[in-house]
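> Take the given structure of chain Z and dock chain V with the ligands to it, following the hints.
Line by line, the protein sequences give chains Z and V.
In terms of our numbering, the first sequence opens at residue 1 and continues consecutively.
In terms of our numbering, the second sequence opens at residue 1 and continues consecutively.
Hints were generated in silico from the structure; no laboratory data involved.
There could be a bad hint or two in this list.
Claimed, not checked - Computed Cβ-Cβ distance ranges for the label pairs, DEER-style: (1) Z:Ile13 to V:Lys22: 25 to 33 Å; (2) Z:Lys414 to V:Val108: 49 to 57 Å; (3) Z:Ile13 to V:Lys70: 39 to 47 Å; (4) V:Leu148 to Z:Ser372: 19 to 27 Å; (5) V:Gly225 to Z:Arg229: 49 to 57 Å; (6) Z:Ile13 to V:Gly225: 26 to 34 Å.
As the list claims (entries may be wrong) - Covered by chain Z, according to a simulated footprint, are these stretches of chain V (three or more residues, beta-carbon under 8 Å): (7) 13-22; (8) 92-104; (9) 256-262.
As the list claims (entries may be wrong) - Only pairs whose alpha carbons sit at most 30 Å apart, straight line, appear in this in silico BS3-like list of lysine-lysine: (10) V:Lys70 to V:Lys233; (11) Z:Lys12 to V:Lys233; (12) V:Lys22 to Z:Lys437; (13) Z:Lys375 to V:Lys70; (14) Z:Lys452 to Z:Lys437; (15) Z:Lys375 to V:Lys234; (16) Z:Lys437 to V:Lys348; (17) Z:Lys23 to Z:Lys58; (18) Z:Lys23 to V:Lys234; (19) Z:Lys208 to Z:Lys12; (20) Z:Lys452 to Z:Lys471; (21) Z:Lys12 to V:Lys348; (22) Z:Lys452 to Z:Lys463; (23) Z:Lys489 to Z:Lys463; (24) V:Lys233 to Z:Lys375; (25) V:Lys183 to V:Lys205; (26) Z:Lys452 to Z:Lys414; (27) Z:Lys23 to V:Lys233; (28) V:Lys348 to Z:Lys414; (29) V:Lys22 to V:Lys70; (30) Z:Lys12 to Z:Lys259; (31) V:Lys22 to Z:Lys375; (32) Z:Lys414 to Z:Lys12; (33) Z:Lys259 to V:Lys348; (34) Z:Lys414 to Z:Lys259; (35) V:Lys234 to V:Lys22; (36) Z:Lys489 to Z:Lys471; (37) Z:Lys12 to V:Lys183; (38) Z:Lys471 to Z:Lys482; (39) Z:Lys457 to Z:Lys414.
Ideal placement from N, C-alpha and C gives every residue a C-beta, glycine not left out.
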Amino acid sequence: MSLFSSFWQPKKIRGGVHPEPRKAATSDRPIDVAFPMPAMLYLSLQQHVGQPAEPVVKVGERVLKGQLLAIGQGAISASVHAPTSGLIDDIMDYPSAHPSALPSPTLLLEPDGEDRWIDGLAEIDPFSLTPQEVCDRVGAAGVVGMGGAAFPSAVKLNLGRRTRIQTLLINGGECEPYLSCDDRLMRERAADIVDGINIMLHGLECNKAIVGIEDNKPQAYAAMCDAARPHGGKIEVAQVPSLYPMGWDKQLIRYLTDKEVPAGGRAADVGVLMHNVGTAYAVQQAIRFGKPLISRIVTVSGDAVRAPRNVEAPIGTPLADLLGFCGYQSEAVARYVMGGPMMGDALPHPNVPLVKGACGILALTETELAASDAKACIRCSRCVSSCPVGLLPLEMMTRIRAGQLEAAIGYGLKDCISCGSCSYVCPSQIPLVHYFKYASGELVSRQQAQHKAEQTKRLAEEKQARIDRYKQEQAALAAQRKAKSQQQKRGEAA
Amino acid sequence: MNRLLASAPFARSDSQVQAIMKWVMLALSPATLFGIFIFGWPALLLFAVTLLSALFFEAACLALAGRAVKPTLLDGSALLTGWLIGMSLPPWAPWWIGVVGSALAIIVGKQVYGGIGQNLFNPAMLARVALLVSFPLEMTTWIHPAPLFSASAPGLLESFAITFGGAAAADGMTGASLIGHVKTEFSQGHGLSEALNSGGYAFIKSFLGWRSGSLGETSSLLLIGGGIWLMRKKVITWHIPLSMLMTVALMAGLFNWIDAEHYPGPWFHLTSGGLTLAAFFIATDYVTSPNSATGQIIFGAGCGLIVYLIRTWGAYPEGVGFSVLLMNSLTPVIDHYIRPRIYGRDHKGRPLELP
Ligand code: SF4
Ligand code: SF4
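Looking at chain Z on its own, in the form it has when it is part of the complex (with noise of 0.2 Å):
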């Protein structure tokens, strides 16, 4: 039996396609940190999954650099930093990096040109702190998911507390094209790397962590086997396949721990939590020097930029100063997209700020997007086999176009993870994934509409029943009061 089922085993990886990289125009420069202080940054209060944040400084208040200016609001929300001092110059709605650029609430900091820290920033030995210390700081330091997610971090730490996880995984897989700056990170700074993922796994009281990296990343693997090996043991540092979507938390899950996380689930029901090297290395500034989460590296690329690379650049930075820093010719660019070409966002200009979640800026042009106009399918099957997830992305897709939502449903389509490998691949350039988020924004307006009517139903039918009620208890008053006057009157006679 054991033969058999080990025969049998579910293959390790399912899917994926191999984009090109793209990653040489970056991957090979050093990260520049010379980036220049903007004259304006512009800082969302809303640049994470959750809450906004709640400004707690005024307009025309003096500020220095780390100072908390806005703070996390509910369980999950994180807090906004001040990356340089300067003065609040306002707080209004400003265009966020999103693809519609629609206007959120900002904060407008002038920096002075000082760039002075806040008094009493030292450093500090983080494994004297509790876990539960651990964990709290780097809620207060605004650290957020930085490949992309920019789910709060602390909100991810407490959760794999209470739930006793076994494993950490650490996501150095860069599989989005383009993108090289965990790449770059990872080889320029290992060993803080290595320092967070400690820190981590101290606060998580777990002493296991896998750090998985693509073998298209020799240089980076070998830095962090080197940072880790006096950690061996505890720190494992681990080659995965390079492909298209690698880092996928579940995938890289399945591949480097040989567990399946359970449909609807989260990878803590399985014992696992993954963090982005990113991460790490920001919970490490956080907490080993107590710099909250106010700059961040990255890679800004695309054929329409005449020297492509990483740079570390202060967060609400405009987009397009950074743009500009990297010699861009705004003439030739297609698109501008935030992420990776995958599964980033396009925005319609590049005039919105840097926020903690970009791990890339690109400005495409038009040769490089490669797209035409849609044909019809001709049942290929190249979606099918690229679905990581095991979907019929043609089925769905065909389902939505006759506006069969439910039908679409039964397919998978709450399973999609709009990876987009089925569109890359389609050799009829069917635009599925746009089909996909389409109906799932769909199917999120129908529940909040049909939410609504039985809400307004409950509510009439709570009123009908009060009214019912009191049209009882009146008729019950009005029979014993009734009652009552027949008994005196009886009584009377008597």
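Below, chain V with the ligands without anything else, positioned relative to chain Z:
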């Protein structure tokens, strides 16, 4: 800005519909050229007529339906359909067989369903089977190989007369295909070895393609080569060809082992009729085969099984067309029941249990 670019991914693989069709035709070329070489000018004429009429009917249908003719015509799918029909016709069949075949495939096989991607049956096989049923004489007149420029080959003028003038082939040029010959011999009570002898069978000749048969189906060697190249190009996967050929081989092997005098062995089957052509180029048609790997294996095995059943016990000597059509009709059923397992769910779609 292009409306399509509003949403990720902002990158595309470079295998486009047109490129796929082009690769398939390239892979078919060696076997086709070989067929034209051994069957002479009439084969070339018939092939050209079939291709041109396929393009004509496709254009006419698109124009009638009021759709843009050029982009669809240029995607190469009609050309490929015509090509496959041409390859599966008897090489000296009259010109109108090619025209009727193309009309059947393009109009009845494809356009009435709404064009590319919508049809249930493989157009080329639909045409072949319809022709076989309607014109059994023309569709079973096989020619012995008579290579171009050889003494027995007809000249160009003579060839025009054969293809367009209805001139009969010279006596001794025609005969049953080997697989038909063996069947007839069996019905007359002869054993296999005798039948193969009188049919002039030699494995190596059959494998190279030196045998009578349809225009492009004779050379197993070149077809297998083209098919493997397509797999390397990732145009097709191994699932359908391998399961189809393996099934035929296994069945043939089993029955040959039981009774060698009445059941030809695997090698005979693998190098006969249109099996290799169908396994690599026809059963693998995207539109009419299942879309999951497991489904494709079932589909291929089904095709192989039906081929063997028809060849061995059916009324027709060759069963490739029927078997592909039959399995085509089962494709929706296979696709409905055989789906890939979704991550985090069991085969029934329920979330996995936590360990
Ligand atoms: S990849 Fe495109 S053409 Fe091929 S089956 Fe999927 S949707 Fe159809
Ligand atoms: S976008 Fe959805 S359907 Fe397409 S490959 Fe990714 S998970 Fe599968």
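> Just to be careful, I want the Cα atoms of Lys23 of chain Z and Lys233 of chain V compared with a cutoff of 30 Å; is the pair within it?
25 Å, holds
> Verify this for me: three or more residues of the segment 13-22 of chain V with a beta carbon less than 8 Å from a beta carbon of chain Z.
Three-residue rule met by the segment 13-22 of chain V, so holds; n is 7.
> Holds or violated: Lys375 of chain Z with Lys234 of chain V, Cα cutoff 30 Å?
With a Cα-Cα distance of about 20 Å, the restraint between Lys375 of chain Z and Lys234 of chain V holds, given a limit of 30 Å.
> Lys183 of chain V and Lys205 of chain V: Cα distance at most 30 Å?
20 Å, holds
> Quickly compare the C-alpha distance for Lys452 of chain Z and Lys463 of chain Z to 30 Å and report which way the hint goes.
16 Å, holds
> Hinted pair, alpha-carbon criterion (30 Å max): Lys12 of chain Z, Lys259 of chain Z. Please report holds or violated.
Cα-Cα ~10 Å, so holds.
> Given the hint that Lys22 of chain V pairs with Lys437 of chain Z, test it: the Cα-Cα distance must not exceed 30 Å.
Violated. Lys22 of chain V to Lys437 of chain Z sits at ~33 Å, over the 30 Å cutoff.
> Holds or violated: Lys22 of chain V and Lys375 of chain Z, Cα atoms, limit 30 Å.
Distance of about 17 Å is within 30 Å: holds.
> That 19 to 27 Å hint for Leu148 of chain V and Ser372 of chain Z (C-beta), does it hold up?
Given range 19 to 27 Å: violated, Cβ gap about 42 Å.
> Taking the CB of Ile13 of chain Z and the CB of Gly225 of chain V, does the distance hold inside 26 to 34 Å?
Holds, since Ile13 of chain Z and Gly225 of chain V (Cβ atoms, about 31 Å apart) stay within the stated range.
> Check whether the Cα positions of Lys375 of chain Z and Lys70 of chain V lie no farther apart than 30 Å.
Given pair Lys375 of chain Z, Lys70 of chain V holds - Cα atoms ~13 Å apart, limit 30 Å.
> Hinted pair, alpha-carbon criterion (30 Å max): Lys452 of chain Z, Lys414 of chain Z. Please report holds or violated.
Holds: Lys452 of chain Z and Lys414 of chain Z sit about 22 Å apart, inside 30 Å.
Hint compliance for this structure: hints 2, 4, 8, 9, 12, 17, 23 and 37 are broken, all remaining hints hold.
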